[in-house]
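*Asks:* Protein chains in written order, with the UniProt record's numbering: chain X, 1 to 252; chain H, 1 to 174.
The hints are simulated quantities; they were obtained by calculation from the structure and are not laboratory data. Keep in mind that the hints are not guaranteed to be accurate.
[What the hints assert, rightly or not] Listed next, the stretches of chain H that the computed footprint assigns to chain X, with coverage defined by at least 3 CB atoms under 8 Å from CB atoms of chain X:
| hint | stretch |
| --- | --- |
| 1 | 36-45 |
| 2 | 66-79 |
[As the list claims (entries may be wrong)] So the derived label-pair ranges between C-beta atoms look like this:
| hint | chain 1 | residue 1 | chain 2 | residue 2 | range |
| --- | --- | --- | --- | --- | --- |
| 3 | H | ARG48 | X | ASP69 | 51 to 59 Å |
| 4 | H | TYR116 | X | ALA216 | 27 to 35 Å |
| 5 | X | ALA79 | H | ASP18 | 52 to 60 Å |
| 6 | X | LYS3 | H | GLU145 | 37 to 45 Å |
| 7 | H | TRP25 | X | GLN196 | 43 to 51 Å |
| 8 | H | LEU147 | X | GLY91 | 22 to 30 Å |
| 9 | X | ARG78 | H | LEU146 | 53 to 61 Å |
[To be verified] Anything over 10 Å on all C-beta distances counts as not near chain H; from chain X, calculated:
| hint | residue |
| --- | --- |
| 10 | GLN22 |
| 11 | GLU36 |
| 12 | GLU120 |
| 13 | VAL170 |
| 14 | HIS232 |
Note that the structure is predicted; figures quoted are calculated from it, not measured. Positions of the beta carbon are idealized from the N, C-alpha and C atoms, including for glycine.
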Amino acid sequence: MHKQALIQYLLLLGDSALVQGQRLCEWCGKAPALEEELALMNVGLDLVGQARNWLDYAAELQGDGHDADALAFRRDERAYRNLLLVEQPNGDYAVTMLKQFFYDAWHHAMLDGLSASGDERIAGIAAKALKEVTYHLRRSGEWVQRLGGGTEESRRRMLEAIPVLWRFTVELTVASDSEVQLAQAGIAADPTQVAQRWHAAVEAIFASVELPLPKAASHFYLDGRKGLHTEHLGLLLAEMQFLPRAYPDATW
Amino acid sequence: MRPGELIAGDRGARALRDGDLAQAWAVLAEVMDPEVPVVSVIDLGIVRDLDWRAGHLHLVVTPTYSGCPATEVIEGDIRQALEQAGFAEPALERRLTPAWSTDWISDQGRERLRAYGIAPPAGSASLRGASPTVCCPQCASSDTELLSQFGSTACKALYRCRACLEPFDYFKCL
């Protein structure tokens, strides 16, 4: 029971990083500026590397002969456990960076808690990722400020991006029963602290450029933790998984 | 078997001889980073341990960044260099803990980065996420500005010198 809960938790971490990384890579070749292209790809690379560390561990615990690549490329949408937020389309740069910021604020709080996990493997992966995500969070927060407090058009776009993404943030401040149990066992990050830190980070950045903070999002019938995704994840996976599925075990 | 955790077979197994480990360290000091070919894996501080196990050299290597694409290349280069030096089937263990820090880059590594045109990390890893004063590797001026927090690789940021007007890479504190 404990092992199954831990695997699901590792998939939440790994799948979220992988899907967010894949979304960032969609900007490859068409970012608004060269420097942004480099930043988007580097953040994406960090996330895919972190995803591999989480999925390696999940695969080992499963112990059914599948490795991290099999988890990434041969699972269907309903088996993915990522946050709904990260599977949302990139939209314009305001949506892309606000999505990144909402994710980074959650990610940073999670990794900070996980660095002290009683599971040494988790603590090691988290401590390493936390260093990298510190830079991600700083950059995405600055972009929310720059667009939100910038020109008339950039502010309008940031204001329009908020309702596009806000309803998906509910998943960042709740936890499943099994996660709460894992946290009580000293393995998972404390969900209450993660929620508080996420709210604090978002409130601070929004207040700094006078962006209106919507009231807390409420639950709806989809739930990434249960594999109930929006229609966007299937399309993303169709692209990401095409080659390994069409040419199983291809090497180059 | 986990990727990066290759266990050596029996072939070429032999007892440890005097000078083996010193020679292995010397070989590693000549294995350069593929992205920054003037600093070695020793300069970067990514070889954490070296000993002799079950008749083979055993190395512990830590990656710089979780997603660094050079990790596999570096491990392959290390393996190749050691085998060419006569160490049969060295075993490489990839270890994440403790996480790599720019504090582990040697003084020689910092000087080599600077000479190559990359500003070395300014201060300790405690400055992670901050914007420290970075000196231009070309003219040494401290009148520089951050252009982008991510440069040509994840470990670097892009700066510009206001004195000599040259853009340059800066190796971020991690």
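*Asks:* Take the hints in turn and mark each one as holding or not.
*Replies:* Results for each hint:
1. 36-45: Per the Cβ count (0), the hint is violated.
2. 66-79: holds (count 4)
3. H/ARG48 with X/ASP69: 51 to 59 Å: violated (26 Å)
4. H/TYR116 with X/ALA216: 27 to 35 Å: violated (51 Å)
5. X/ALA79 with H/ASP18: 52 to 60 Å: With a Cβ separation near 55 Å, X/ALA79 and H/ASP18 satisfy 52 to 60 Å, so the hint holds.
6. X/LYS3 with H/GLU145: 37 to 45 Å: violated (51 Å)
7. H/TRP25 with X/GLN196: 43 to 51 Å: holds (48 Å)
8. H/LEU147 with X/GLY91: 22 to 30 Å: holds (26 Å)
9. X/ARG78 with H/LEU146: 53 to 61 Å: violated (44 Å)
10. GLN22: Given that every Cβ of chain H is farther than 10 Å from that of X/GLN22, nearest at about 13 Å, it holds.
11. GLU36: Given that some Cβ of chain H is not farther than 10 Å from that of X/GLU36, nearest at about 8 Å, it is violated.
12. GLU120: Non-interface label on X/GLU120 violated, nearest chain H Cβ at 7 Å vs cutoff 10 Å.
13. VAL170: Per Cβ check, X/VAL170 is outside 10 Å of chain H; nearest 28 Å; holds.
14. HIS232: holds (23 Å)
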